[in-house]
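There are 2 protein chains.
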Amino acid sequence: MALIVQKFGGSSVADAERVFNVAGRVTDAYKEGNSVVVVVSAQGDTTDDLIEKAREINTNASKREMDMLLSSGEQISIALLAMAIQKLGFPVISLTGWQAGFVTDSRSGDARIQTINTERIAAELDRRNIVVVAGFQGLDRFDNITTLGRGGSDTSAVALAAALKADKCEIYTDVDGVYTADPRIVPDAKKLSEITYDEMLELASLGANVLHNRSVEMAKKYNVKLEVKSSFERIEGTVVKEVTNVEKMLIRGVTRDNNVARIAIIGLDDKPGVAFKVFSALAKENINVDMILQSIGREDSKDIVFTVTKDNVDKTMAVLNELKPALGAKEIQHRDDMSKVSIVGAGMVNNPGVAAGMFEALYDAGINIHMISTSEIKVSTLINVRNAEKAVQVIHDKFNV
Amino acid sequence: MALIVQKFGGSSVADAERVFNVAGRVTDAYKEGNSVVVVVSAQGDTTDDLIEKAREINTNASKREMDMLLSSGEQISIALLAMAIQKLGFPVISLTGWQAGFVTDSRSGDARIQTINTERIAAELDRRNIVVVAGFQGLDRFDNITTLGRGGSDTSAVALAAALKADKCEIYTDVDGVYTADPRIVPDAKKLSEITYDEMLELASLGANVLHNRSVEMAKKYNVKLEVKSSFERIEGTVVKEVTNVEKMLIRGVTRDNNVARIAIIGLDDKPGVAFKVFSALAKENINVDMILQSIGREDSKDIVFTVTKDNVDKTMAVLNELKPALGAKEIQHRDDMSKVSIVGAGMVNNPGVAAGMFEALYDAGINIHMISTSEIKVSTLINVRNAEKAVQVIHDKFNV
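Protein sequences, first through last, are from chains A and B. At position 189 of the first sequence (counting the first as 1) the number is 177 in the numbering used here, and the numbers step up by one without a gap. At position 398 of the second sequence (counting the first as 1) the number is 386 in the numbering used here, and the numbers step up by one without a gap.
None of these hints come from the bench; they were simulated from the model. Warning: the hint list may mix true and false statements.
[As the list claims (entries may be wrong)] Here are the simulated DSBU-like cross-link-like pairs (lysine-lysine), alpha carbons at most 30 Å apart as the crow flies:
1) K41/A x K312/B
2) K75/B x K19/A
3) K41/A x K209/B
4) K19/B x K75/B
5) K272/A x K41/B
6) K41/B x K75/A
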């Protein structure tokens, strides 16, 4: 009999009917003789409703108080799920983040898990209780409630699976697994039965939107066997683990990410240290830079082009405009109508033909490439957003994924 | 400079505007140089909404999970109030019941406060923070969140004032103080500037609905100076304390309580132990009995008549009907159309004319008295509910309160 950690997101517990659906999944696993720990997020729109309440009062409230507010959302959903499990006749107890032993640092709103004291959960499992844990939250060493930021509940589940040495961590979502492309764009996209952590990391960061990177990184670090499954359909999902059989399928997936903007610094002095100045200034403001391209321009000047997420455009432009005189830059431009389309697959590094095939597919479709970046297991291209769906389709066709 | 505990109920923080009203009251006290601890309840209908959510899932959920659910309500309101205080530019921190150190027993849904560990609050006050505390909740020694049941937030505030040795505990409510009668019934009712704990206890239990008895009992026990004030109007309220100047005004108030039903057990055997059997059976079912009247009936039988709250009528009748053969009772009756009208005043015990004056007022108004009960500081009469408002008025007039 195994120890299983299950995680259900906010839409999976949005109303009473869905809460009972989750309770059914949980108790089925329990009935098979497993020990079950369930991590849940806040119900459907609860978090948004709470944020709206806060905005009516103070748009600039401290993150510490935002965490106090938002963490009530999961507290509601764990209680309701526990009640549904009771209704089905099973022993259960709900635990908030701090009751479950989640200790984090003090970065309110974006805290990192430092350790999990699992005594309470272990004791409840010993009593054969199903344990329902509030995701997304913990407690810092000064006894303040913290939240984990984006992807927090996935991270809670994986961290808990690692701390409990669980046999498996099942992440239940709206989709039924990881696909070779977004099935809404590419109707013949195929579901992957297995994928490696690294591939999943690339897919997640490229906008596949199934699992948050933080949780995959943690799963990789502690070798937690993940499975991405559907909350609603009872079918096999996609298993994420260290090694998979990569022989047969070279390309794991084609993704697009529209949350991308291109920043161009034109006519920089061609002197050493210019790139350092730019990117250290951005790092200081916590702005993540993705694709970077540096070109020698005409005469003694060069251009630096890079991408950031759309919500960072204003901050980036502010940093760069302040820096402009020191850089000796002629002009700073930004464009929002971009999309990053990528192919991911662990076998790619040994197959130089993959990138070429991708560019060919785009060329055949008349799609212009603005930037290119590659890693060991992916090739990304920046293109105009109006071509993004078409690009995903033609690349998927090209490789016959 | 004083240490003040303020308590605001759910309707006082029902929306953003009201939250700012409370924030204004709190920061005014702080600006005067006081240390301020604020206890708040859940916003307006939050608790009812949460109960409804639970009912959709499980009408028989464990109290432990109900407490987990309901305690999220105050967590929301403390965060929002803290945000409003931040917006006004003052240093503030919100604390849940357990963060504030409330330790209770394990009676989920109706827990008693055992102790309050005030280190955290004291530390925050030392930093000159305004401290916003979630009322109504605590933590048992197994780290389970508990709620305090009816009147819980008043009790939280008074207990905190006692533990912190606060100079004053201000209870803000919909009304602006304690009146000699309900101003909606008796237009010339007067607001009392002072009242003793015992008088307040009688008034509270008699349906004056201003302060919950539990909180007044605790205030009396720890000699906490209470003040009942309006949340909305900035005027003096009523101070509740140990000794007041009772010389001038004999009668503190006239109250009525319509939440009362009369139960009559007719034709009991006139044997010892009958009353014991009846009231121990009711006590076992947690049914509180109020006025009791035992009369010798005709021949060798007697009647027992007593009152309970209306919501306990069904349970009481069930208990008594089961007991009926053992008691040898002829008949068990109940009446719901009753009201208890009372006068309260600490000086009453030495003034036998008070009860007589009350009965005279009722007689003059043609109002029939069903039952009478007296204590050191009150006289209560059970009358037909249709006469209740008139009774309050004529008694108030009689004593020219």
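Results for each hint:
no.: 1; hint: K41/A x K312/B; result: violated (56 Å)
no.: 2; hint: K75/B x K19/A; result: violated (51 Å)
no.: 3; hint: K41/A x K209/B; result: violated (39 Å)
no.: 4; hint: K19/B x K75/B; result: holds (15 Å)
no.: 5; hint: K272/A x K41/B; result: violated (45 Å)
no.: 6; hint: K41/B x K75/A; result: holds (14 Å)
The earlier numbered hints that this structure contradicts are 1, 2, 3 and 5.
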